[in-house]
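Enquirer: So the protein sequences, as listed, match chains A and B. Heads up, the first sequence is in the working numbering, so the first residue is 22 and it goes up one at a time. Heads up, the second sequence is in the working numbering, so the first residue is 22 and it goes up one at a time.
Wrong hints could be hidden among the right ones.
Treat identical chains as interchangeable: a pair holds within one or across any two.
[As the list claims (entries may be wrong)] In the DSSO-like style, the derived pairs of lysine-lysine whose C-alpha atoms are separated by at most 30 Å in a straight line are:
hint	residue 1	residue 2
1	465	406
2	465	223
3	364	382
4	80	133
5	382	346
6	465	80
7	133	223
Calculated directly from the structure, the hints in this document are not laboratory data. Predicted model only: the values in this text are computed from it and were never measured.
What follows is each chain in one-letter form.
Number of protein chains: 2
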Amino acid sequence: MESSLLGYSRGDASAKTFQAVNPENGQTLPANYAMVSEEEVEEACRLADQAAPIIAQFKGPRKAEFLRALADGIDGVVGDLVPMMSAETGLPEPRVRGETGRTCGQLRMFAKLVETGSWVDARIDRAQPNREPLPKPDLRAMLRPIGPVAVFCASNFPLAFSVAGGDSASAWAAGCPVVVKAHHAHPGTALLIGQVVVNTLKQCDWPEGAFSLLFGEGRTVGQSLVKNSRIKAVGFTGSRAGGRALFDLANGREEPIPVFAEMSSVNPIFVLPGMGEGRIEEFTAGLMGSATLGVGQFCTNPGIVFHPSGEFGDQFISAYVEKMKSVNALPMLHQGICDSYAKGILSLSSCDGVNVEYQFKTENNAQGSYAGPCVLSASVDDFMKDSSMMDEVFGPSTLLVSYHSADQLLDVISKMEGQLTATVFGENEDLTTHGSFLEHLELKAGRLLFNQFPTGVEVCEAVVHGGPYPATTDGRSTSVGTGAILRFVRPVCYQGFPDEWLPEELREGNPLGVNRSEG
Amino acid sequence: MESSLLGYSRGDASAKTFQAVNPENGQTLPANYAMVSEEEVEEACRLADQAAPIIAQFKGPRKAEFLRALADGIDGVVGDLVPMMSAETGLPEPRVRGETGRTCGQLRMFAKLVETGSWVDARIDRAQPNREPLPKPDLRAMLRPIGPVAVFCASNFPLAFSVAGGDSASAWAAGCPVVVKAHHAHPGTALLIGQVVVNTLKQCDWPEGAFSLLFGEGRTVGQSLVKNSRIKAVGFTGSRAGGRALFDLANGREEPIPVFAEMSSVNPIFVLPGMGEGRIEEFTAGLMGSATLGVGQFCTNPGIVFHPSGEFGDQFISAYVEKMKSVNALPMLHQGICDSYAKGILSLSSCDGVNVEYQFKTENNAQGSYAGPCVLSASVDDFMKDSSMMDEVFGPSTLLVSYHSADQLLDVISKMEGQLTATVFGENEDLTTHGSFLEHLELKAGRLLFNQFPTGVEVCEAVVHGGPYPATTDGRSTSVGTGAILRFVRPVCYQGFPDEWLPEELREGNPLGVNRSEG
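All chains should be built: construct the whole structure from the sequences, respecting the hints.
Expert: In structure tokens form, the structure reads like this:
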């Protein structure tokens, strides 16, 4: 019997339990996980609150030491992660190893960021005691941690967006304690990582409240956590309904708190007229790879492609269908996602004007949560009549929408909801011809791509994994890359402070050598 | 009859009207202002939506030209502003001229900011086509405008936080259209400035949708504006109830939008034991000046002072009362504020353990909205028993709270709500002795001061005028200083873009010479 991690203690193991299911064969996995109680949620938040002012004072190198030790620790258990995570998620060994690498890479990226320290947006206005008509005081400001952060594990990234994933890494890097809610589909993976976190905290002499890991019902535990007055921000990756529910809860609090929920996106691709038939082969191969990667279970999966009608369109559709026919069914992450995918295709294919060009048939007697690709088509005129065609179908399906004139795309964009990504395929001349197209497009997406596919998000300085609602609940943020740290900080100004009481980043002589802007 | 400004057109002047009142004598001012209709609100938002992608493409120098021309234009009407604003607000000529200077200074500060352009947080990750196992794409990101912003004029800053105040200036600087809701107490001042804005837009060849000014009922017009799907962010300075109502509306939208409401703060001052009786004279003089400046109608007015009890406390209270007795009653901005002030004092003085040390008596037969100073006292033990003592009383009153031991202040801080400012008076040694005090304090306020008073907010690079709820609805923001522009932008990433299609800030060779971080 396993139970929650409440700082350095364990939760009550005699509570009601749950088990994970292997999506490859539908069989229940042996381990039992005890659900956390209301009191235990409160205890995790109390510990986090106690740890908050302590961690907030940790300097960059101390935070970097912890993040690097954690990455090393996770690297060290990859041999245990492979069988556990594969059994819980159906993801193959190379993906588990790849995602482990990404997770550790993220932790090391944030270690480097906080070690160099220039991310804090240091601002200096020196005193001018002789200024007329009034003297100018000395003001210095920088970004400081927001306090305890609640993190929800994502089903589709059991490592990179879960216990020690991007949300937690950026919160720790900012100097915030983290209380993690495990995902019900991969509790064993969460616990393996959680134990590494606890060991690393002890090794680095951090306060235990810097981390707790809670097992339990998403709805009840999630609600208790987000409503707890000690929690000061929320990180979430998941469904639109789930993210919005947390957002509404957080904003209904007496003290509202920011919720950074990354929720849903159809990641439209716009094929402009300049692309030409000569590129269809290469394009459809790339599209197939992007749309079916990880059984289509990526937030940046391209769900809708707008393409010229006529000869180009006919060739494109049949070439794409041929490519998708080569893709086999594979297990999705859990039965819930698999059911939603089937429902999404059914709903899309019942829209007026939508044709099913190809749909993989799964055996009726198949075990496990298998799903295969699907290709649907429609005209832009029908698309514009039914906004439900814009709903995300999470899985390896693509809706191909043909247009007559590129001018129609401006109407599409103006009707389009916020997106994580929007992609343009074409020639440079297309951008000259359709310049205002880009100007409108950038109001609707966090990342714009030219002649590249949106999956395979690069974790780096310049990436933006965010976008206007409903892509996220806060389009002013990114949940991937170094910019993710900016979600969990707030500016604090120190006026008239003696130099020795200022944070080092703001002291005279700039002892840390960080970038500073001077007023 | 005056009416709203809808881009370059005027609203219907035949609608229901309202008039302003002179708070010095309670007399209704002659001009009539027609209330805006639902359709006119929609029209203002439609114009703003049309202008959004156009203004978003304006380069720094073009935005700077407009902001500077606007500052010059406002400087040019100061002769008209003095009688109009004094009549509408009771504020004396030096304040009108001073606030005009601040307003124009803000516009010029943002002009300089966008001209130099380094504020955009440019981030560059260059392609690494030969990276193993996968090539790295080229990614470049910067901050881009969020879209049309609704701005609510503040009663206590008819210029600096109104039509062309800090919210509008930072929104325009970001590249966002602005729809302003005028405050009912100073419509004439708003219209004078609004006409300068319209003339400047024409002069600089900006689209008319960059600005509208709406007259009407705060509740109904404010609601229509915040609920309009074309509005993408809200700036507000005012009461806690008003700000929270807008926040709730904005978050209840199908597409929620950020609300930056600066609402309420008691701006506590902590006098630490080291200060000594020798500084009482200077401190009480400064406190009196800060607490009664502008009839106490500043967001950063220090409402509560915690001080050592005993001999020091007795001397301090009597010295402060003496100082406050020298302050005369003056007209507050409008009758509503005056009534709330009286109600606030009544409520505070009825709390268990609160003594009224001094209260200015206004004549019963006085005309106008006059109010005078008030000094109340309590012990920290009683203070901790009644959280209503922490409620803001907007006006020239101060609550003096005595403590026995500085350790009690940690309890005070942990119970305290979010604040715009928190101030410490003492000697450097106090900070050494009470170090963890500062660590806890910075979790609760946007600006910390040492041996200085919180009023007289410096408009500069490093200032933070913000703080955790309820000081603002978004503690991650400031509404004063160059950082205010960050409220109305979102990061956008360009992946694989041809150089000539990138914004200039992100191009190879860095033609604008802006600060960039490279990954």
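Enquirer: How would you label the pair residue 465, residue 80 (within, between, both, or neither) given a Cα cut-off of 30 Å?
Expert: between (38 Å within a copy, 20 Å between copies)
Enquirer: When no copy is named, should residue 465 and residue 223 be tagged within, between, both, or neither for a Cα gap of at most 30 Å?
Expert: between (44 Å within a copy, 29 Å between copies)
Enquirer: Quick one: residue 80 to residue 133, C-alpha cut-off 30 Å, is that within a copy, between copies, both, or neither?
Expert: For residue 80 and residue 133, only the intra-copy Cα distance (13 Å) is at most 30 Å; the inter-copy one is 33 Å.
Enquirer: At most 30 Å between CA atoms: does that hold for residue 465 and residue 406 within a copy, between copies, both, or neither?
Expert: within (20 Å within a copy, 50 Å between copies)
Enquirer: State whether the alpha carbon distance between residue 382 and residue 346 is at most 30 Å within one copy, between copies, both, or neither.
Expert: within (11 Å within a copy, 87 Å between copies)
Enquirer: Is the C-alpha distance from residue 133 to residue 223 at most 30 Å within one copy, between copies, in both cases, or in neither?
Expert: Within. Shortest intra-copy distance 21 Å satisfies the 30 Å Cα cut-off; inter-copy 49 Å does not.
Enquirer: What label fits residue 364 with residue 382 when the C-alpha limit is 30 Å: within, between, both, or neither?
Expert: Within one copy only: 15 Å inside a chain, 72 Å across chains, cut-off 30 Å.
In summary, this structure violates none of the numbered hints.
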